[in-house]
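Chemist: Sequence:
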Amino acid sequence: MDVRSRKTHGGLAGALLAMALSVPGLALAAEPAPPSPPGCVGLVLGGGGARGSAHIGVLKVLERERIPVCQVAGTSMGAIVGGLYSTGYTPDEMATLIETIDWGDMFIDDPPRRDIPMRRKDADFRYLLDLEIGYANGRVVLPVGFVQGEKLLMLLRRLTLSTWDAQDFDQLPIPFRAVAADIVTGEKVVFEDGDLALAIRSSMSVPGAFAPVRVDGRLLVDGGMVDNVPVDVVRGMGATRMIVVDVGSPLHKEEALTNPVVIMDQMVSALMNEKTKHTLATLGPQDVLIRPELGDITAAEFNRGKEAIEIGERAAEAVVPQLRAMSVDEATYAAHRARQQRREFDPGLVSFLDVVKGRSPSADRHVERALADNVGKPLDLEKLEHDMGSAYGDGRFQQIDYRIVERDGVRGLQIIPVNKPWSAFGKLGFQLDDNFNGDSSYLVSAELTFNDINDLGAEWRNVVRMGRITGLRSEFYQPFGQTGAFYLQPMLELRNESLPLWEGGNQLAEFRVNRRQVGVEAGYSPQPTWRISAELVRGNDRGDMLIGNPQDFEDSEESFAGALYNATWDTLDSVNFPTKGARLSLDLERYYSVMGADVEGDVARVTADWAQAWGRYHLLLGARLSSALDDENFFQTQDFLGGFLNLSGFEERALFGNQSALARAVLYRRTGNTSRLFSLPMFVGASLETGNAWQSKDDVDPDDLIIAGSVFVGFSTWLGPMFLAYGRNDEDQGSWYLTFGSLLRPRIK
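Heads up, the sequence shown is in UniProt numbering, so the first residue is 1 and it goes up one at a time.
Quick caveat, the hints were computed from the structure, so don't treat them as lab data.
Please note: incorrect hints may appear among the correct ones.
As the list claims (entries may be wrong) - Cβ pair distances, simulated, as ranges:
1) Val-520 / Ile-547: 32 to 38 Å
2) Arg-214 / Asp-122: 28 to 34 Å
3) Leu-283 / Pro-681: 43 to 49 Å
4) Glu-600 / Lys-580: 39 to 45 Å
5) Pro-361 / Ile-547: 52 to 58 Å
6) Tyr-524 / Ala-608: 17 to 23 Å
7) Gly-409 / Arg-616: 52 to 58 Å
8) Tyr-726 / Gln-266: 37 to 43 Å
Glycine included, each C-beta is placed from N, C-alpha and C at the ideal position.
Whole structure, please, built from the sequences with the hints as guidance.
Modeler: Below, the structure written as structure tokens:
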């Protein structure tokens with residue numbers, strides 16, 4: 001049965017903004033629908049994901065043939081095209097939209113990495129998988145979709161903004177319906193009023209891909225599972241003649257049914273196709289059915305939108321004789337379309353900001369602070385969406401939405417943040433290094449984080465590691481101050497790390513360094529691009545020999561106490577395969593012989609990386625410097641080189657000393673079809689590196705610099721970047737590498 005849904009709730013730049021707000025003036029209140037011309041036609045736009053771009057090509061032909069469309073209903077992508085057409089967008093405007101959207105970015109909820117807080121950027125250097133596993137109400141909770149659809153909803157908000165006060169979809173320039181499905185009951189939900197952007201977003205919540213949308217207490221998903229071609233909906237709107245466009249995906253051939261995912265997709269498609277066949281059997285001789293031959297275009301290939309539009313246009317051309325039976329004369333059609341233009345709209349001044357309160361006071365304050373600068377100014381959609389993206393980048397939100405509302409004769413913004421359904425979540429991490437010569441190491445990590453422990457937004461993060469590094473790190477992050485830019489972070493760490501000792505390509509020994517330390521860090525990060533911090537630490541290191549000659553090496557132990565200072569600037573767009581931005585980290589570590597500590601000395605470290613891309617080609621330049629300023633020798637003063645991109649050809653951490661330097665240039669090219677959304681990105685590249693490690697400043701000599709290089713193939717996998725590489729250096733050392741990890745090869749803290 002049909003369930004009518006009613007709501008009671010009161011990025012793209014440039015050309016997209018011009019399309020959304022193209023006509024100056026004041027918003028018009030909802031008006032009665034204009035009388036329909038003779039021969040009014042209902043339009044049915046079926047679901048099919050990216051294949052639904054073909055609807056735009058069909059609309060181009062309908063306009064050229066002067067077909068007076070008076071009712072529209074759509075499912076999934078049909079709801080997007082139908083909804084925009086019903087608000088007054090032309091087929092040409094929609095074609096421009098489809099062809100210019102960065103679809104790859106549209107399916108990433110987070111804002112650009114540059115705008116993500118520094119604390120979240122730190123996670124990029126811990127080799128974590130991009131999957132949160134939540135814990136709430138005594139049970140493990142997984143995300144209900146790979147994509148929450150935050151950016152898609154913002155796009156729909158922008159495009160439908162001129163209809164902000166049209167609660168009844170019959171009052172749109174063309175009466176419209178969107179079809180969704182209640183995933184709990186399996187019932188069909190037909191949106192005939194309420195929030196247009198939310199109705200369209202609900203209709204295309206493909207289960208598993210997009211998270212379901214909660215509307216009036218109902219959990220809604222893509223309407224294709226109950227009515228992929230909503231003929232009965234348009235018929236119920238009063239249409240006596242219909243044009244029906246079916247863009248559903250064909251069934252897979254037998255040879256393609258090779259795995260459980262394809263089998264499941266085949267089962268769902270078969271059920272949908274059977275229901276669609278029964279629906280289409282109800283069409284009468286006065287109706288026109290259009291089935292574009294979309295071939296191998298899949299529901300996920302939004303990058304092929306232009307191709308799908310052209311196919312839709314050809315499909316409509318093929319039935320022009322039938323369409324012309326519905327055509328009206330030029331004057332009648334011109335008058336009809338004039339009544340269907342987008343309404344005039346001027347968003348005006350934002351007089352107030354209302355944030356709907358959630359379960360986290362600190363999260364609510366974070367949203368208020370991020371958006372406060374929009375009040376008292378004309379509505380600037382670019383700024384609003386940027387500020388909402390920055391707030392979303394905090395990581396605590398499942399969605400942040402907004403609406404224009406009117407109160408006491410003035411307009412403002414209502415902001416609706418939705419917290420993630422858990423206050424504790426876990427992440428897993430993985431790193432592997434193998435040289436195919438019997439030497440390998442791995443690192444498996446698991447993190448458990450508790451959010452919003454108090455009203456100030458405290459966070460408690462716990463990390464467990466096994467493998468090359470084994471141990472536990474626990475830190476309590478407490479932000480404070482009016483903006484939360486200041487923080488205090490006490491820390492406890494128990495860590496055991498394997499440390500091999502090499503000379504001339506031969507391993508002489510291997511130690512297990514056991515570290516026990518406590519510390520407290522204070523920092524300031526007013527912007528997501530930089531941070532300064534200072535940390536007091538006290539701890540103990542003990543080195544136990546696992547492999548080696550006891551006459552040459554002996555166990556050792558030393559305690560330390562110190563102050564660590566850091567300044568970091570980070571605008572990189574990615575740490576896996578960066579294309580732009582830079583990262584600079586400056587460290588000064590000062591160790592004192594106080595509180596029973598055994599060592600004393602200062603260490604300075606500099607790490608810098610810069611990336612730039614030219615089309616498919618990417619260049620990464622990097623440098624690392626480390627110096628024990630007074631030539632002290634203890635574990636904290638040592639730096640390690642060797643391994644892939646860290647003087648390739650050597651074993652991992654084959655070189656060490658209290659003085660070290662490394663410079664590298666990495667050039668890599670993305671291969672294959674870069675426009676595909678869900679492909680496995682592959683890169684081929686090469687590096688040129690130079691550097692060395694010395695035991696003292698007196699040993700440092702530019703003539704000792706080692707020249708190294710590598711060639712590699714890299715893949716961006718769900719486990720993170722994977723590389724197969726061969727490296728060689730002028731010390732006649734060569735090695736193959738299989739490794740998981742960032743191109744930056746950061747130190748693990």
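Chemist: Each hint needs a verdict: does it hold in this structure or not?
Modeler: Structure-based check of each hint:
1. Distance hint check for Val-520 and Ile-547: the Cβ-Cβ separation is about 36 Å, which falls inside the suggested range of 32 to 38 Å.
2. Taking the beta carbon of each, Arg-214 and Asp-122 are about 32 Å apart, inside 28 to 34 Å as hinted.
3. Take Leu-283 and Pro-681: their Cβ atoms lie about 44 Å apart, and the range 43 to 49 Å holds.
4. At about 42 Å, the CB distance of Glu-600 to Lys-580 agrees with the hint of 39 to 45 Å.
5. Judged by the Cβ atoms, the range 52 to 58 Å given for Pro-361 and Ile-547 holds: they are separated by roughly 54 Å.
6. Distance hint for Tyr-524 and Ala-608: a CB-CB separation of about 21 Å, consistent with the stated range 17 to 23 Å.
7. For the hinted restraint 52 to 58 Å between Gly-409 and Arg-616, the CB-CB distance of approximately 55 Å keeps it satisfied.
8. Range check, Tyr-726 to Gln-266: Cβ separation about 42 Å, and the 37 to 43 Å hint holds.
Going down the numbered hints, you'll see the structure goes against none, and every one checks out.
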